[in-house]
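Chemist: The primary structure of each chain is shown beneath.
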Amino acid sequence: MTTAASRPPLVRGSDRVIAGVCAGLARHLGWPVRMVRLGMAVAALAGGAGVAFYAWLWIMVPTADESAKRNARQPASPIAPAVAPAGAEPADSWWSSVTGMRYGKEILLGAGLLLAAGILIARMLGVDVPLGTLIPVAAILGGAAIAWMQLDETRRAGLVDKTKADQAGGWARLAAGLALVVSGVLIMVSGSGSWEQTWLALLSSVAVLGGVALVLLPWGLKFWRDLETERAGRVRATERAEIAAHLHDSVLQTLALIQRRAGNETDVVRLARAQERELRGWLYRDPGKEAGQLSEGIKTAAAEVEDSLGHAVEVVTVGDCAMTERHEALVQAAREAMLNAARHGGGAVSVYLEVTDGAAEVFVKDRGPGFDLDAVPADRLGVRESIVGRMNRHGGTATINSTQDGTEVRLRLPLSAGAPAGAAATNSNGEARL
Amino acid sequence: MSSTEAGSPAQGIRVVIVDDHAIFRSGLKADLDPDIVVAGEAGTVEDAVAVIAAVRPDVVLLDVHLPGGLGGGGREVLAGSAPLLGSTRFLALSVSDAAEDVVSVIRAGARGYVTKTISGAEISDAVRRVAGGDAVFSPRLAGFVLDAFGTAPADIADDELDRLSARELEVMRLIARGYSYKEVAKELFISIKTVETHVSAVLRKLQLSSRHELTRWAAERRLL
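Going down the list, the protein sequences come from chains A and B. Just so we're aligned: 122 in this note's numbering is position 122 of the first sequence, and the numbers increase by one with no gaps anywhere. Just so we're aligned: 43 in this note's numbering is position 43 of the second sequence, and the numbers increase by one with no gaps anywhere.
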């Protein structure tokens, strides 16, 4: 069974001629897809066995997307990102590597045309082809195929998704399939009868259908409502499970840790602070806000400083922009400023980020005793190199204002590169510009 | 903010603490400066409205999230105490950082908003300030204001309520940067009283403006 274990799962692919059954089967068995298709066609000639087999596989085998969805497990905690099932990856690369079947629809159309041509030639040669039966049968089959493919696709995109953009197209296809089937059935039933008869038949069948619909509609509505209720219940249950998983992984663990370390005040404060930050981020995160924003970078840096030094860092942000390489430098400089403030300053460290059209500015303020910039030894890399030098290199400026009430580091980075870098200078009232 | 810079010289400010956690109430009571007298406590919306009406305190320290009532929390207490808003000032206290929570209690009539992690000295100072008729803005609230009103100063053509003046913007920015009122005054070469006037003006705009962001935040808490 070693070979079976390494076999890719049996799923239908997107490179379909009809429903992707042959391609999926070929991939599963490791055979060339053309062979499988040929075999299926030959089997179809043998009393329709191939057709039956195909239809059965179509119904029973899920598409690659459905299979992936089914296999996707809920992540244990929202902190851990949901991981895609590993099986889907080779499938994707395999599907994309198959380029030979790109013209599947064209080939199908060609085959249909060839068949029609063959029939015409046969008729010319005097062979009696029962066209009266063949055309309606073909119409029914074609209509059914169109409608079924539609159902298949909507299921793939999720039947629940009512806001699907190409919903109108889907309905049109469904209607076209239905019209084909109905006309096929009509022609077949009424034979080569007169129009009058046909209309009569149409009228009576519509009347019968209407009567059946009238009887079944309440049932259908009830089932639909039950389905909706059940779906809503499932969504709620999933949400609940997610919240429970999150609280278990974060809050309960932290509470257990706090109980064990109750004697160590700094540890308890640090744990509580980190947990508060994590829970806050989870509760109040803005789902519309995309990742990789500058405010996220600043908040992450503040969180690191809080964790490493156990000192509260309050972050307030106004405006936002996407992170670039230069913003990375701004975040690093801000991080260094926060580290300094947390190490040497007293009280809470305040961080304020403001992004306007022209520039991104970060202010880091502490309430420590302040320090004399000129007294900082030249070998202290923290302030000179990590903050001022880094900002200047990236076309920004850094200003440090230190008084008895505290120190404030102001970082400014123009949004476009190439702006003049701030030159070092010291003014008279003790405020140093570097 | 140190306690010496408080705006009001009032002696013996009477406060009511409204919070559903008894531990937090007793902790806060112990933290408050001696000149602030706790005249009553309440843990639910109904209790709070009754206690406030009976005690008629100078300041109510109001938790935003409260059990009881119709589920409206602190805003319901504000609505229930509407006749007293002239004499009793409300200072909102919360652990929540969400703009909807902050903005909705301010628009319901609170004179300030501070987070529960604030120190005893700071909260005493905030109580005195609110009792004196001023507004209390935390850095985060100032950040929300800047977010909602935008960081560009008002033109003369704009509706006065929907934009902040250049001076008000400067004050809000400094508060968001963590400056106390005293530090703001020093930085801008104005008096503390002028800073308080600017902050009160911003509070008024925050309560009355119909800017889209504010109405959206308020609507998200079903305030409108």
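It is worth saying that the hints were derived from the structure and are not from the lab. Owing to the predicted nature of the structure, the values given are computational and were not obtained by experimental measurement. Heads up, some of the hints might be wrong.
Stated by the list, open to error - Derived DSSO-like pairs (lysine-lysine); straight-line CA-CA distance at most 30 angstroms:
1) B:LYS186 - A:LYS299
2) B:LYS116 - B:LYS182
3) B:LYS29 - B:LYS193
4) B:LYS182 - A:LYS299
5) A:LYS299 - B:LYS116
To be verified - Chain B residues, not near chain A, derived (Cβ > 12 angstroms throughout):
6) ARG14
7) GLY27
8) ASP35
9) VAL38
10) ALA99
11) LEU146
12) ALA152
13) ARG167
14) ILE175
15) ARG204
Note that the Cβ used here is the ideal one computed from N, Cα and C, for glycine as well.
Chemist: With the threshold set at 30 angstroms, check whether the alpha-carbon distance from LYS29 (chain B) to LYS193 (chain B) stays at or below it.
Modeler: Satisfied, since the Cα-Cα distance of roughly 29 angstroms is no more than 30 angstroms.
Chemist: Given the hinted pair LYS182 (chain B) and LYS299 (chain A), is their Cα-Cα distance within 30 angstroms?
Modeler: holds, 27 angstroms
Chemist: Hey, does ALA99 (chain B) actually stay past 12 angstroms from chain A on C-beta?
Modeler: violated, 9 angstroms
Chemist: Beyond 12 angstroms from every chain A Cβ: check whether that's true for ARG14 (chain B).
Modeler: For ARG14 (chain B), whose nearest Cβ neighbour in chain A is about 29 angstroms away, the distance exceeds 12 angstroms, so it holds.
Chemist: For LYS116 (chain B) and LYS182 (chain B), compute the direct alpha-carbon distance and say whether it is at most 30 angstroms.
Modeler: holds, 22 angstroms
Chemist: Hey, is ILE175 (chain B) genuinely clear of chain A, shortest beta carbon separation above 12 angstroms?
Modeler: violated, 9 angstroms
Chemist: Would the least Cβ to Cβ distance between VAL38 (chain B) and chain A come out above 12 angstroms?
Modeler: holds, 26 angstroms
Chemist: Could you let me know if the closest chain A CB is still more than 12 angstroms away from the CB of ALA152 (chain B)?
Modeler: Violated: least Cβ distance 8 angstroms, not greater than 12 angstroms.
Chemist: Please check whether the beta-carbon of ARG204 (chain B) is more than 12 angstroms away from every beta-carbon in chain A.
Modeler: Check passes; 21 angstroms lies beyond 12 angstroms.
Chemist: Non-interface claim for GLY27 (chain B): all C-beta distances to chain A beyond 12 angstroms?
Modeler: holds, 14 angstroms
Chemist: Holds or violated: are the alpha carbons of LYS299 (chain A) and LYS116 (chain B) at most 30 angstroms from each other?
Modeler: With a Cα-Cα distance of about 20 angstroms, the restraint between LYS299 (chain A) and LYS116 (chain B) holds, given a limit of 30 angstroms.
Chemist: Taking the minimum C-beta separation from ASP35 (chain B) to chain A, is that value above 12 angstroms?
Modeler: holds, 23 angstroms
Of the hints listed earlier, those the structure fails to meet are numbers 10, 11, 12, 14, in rising order.
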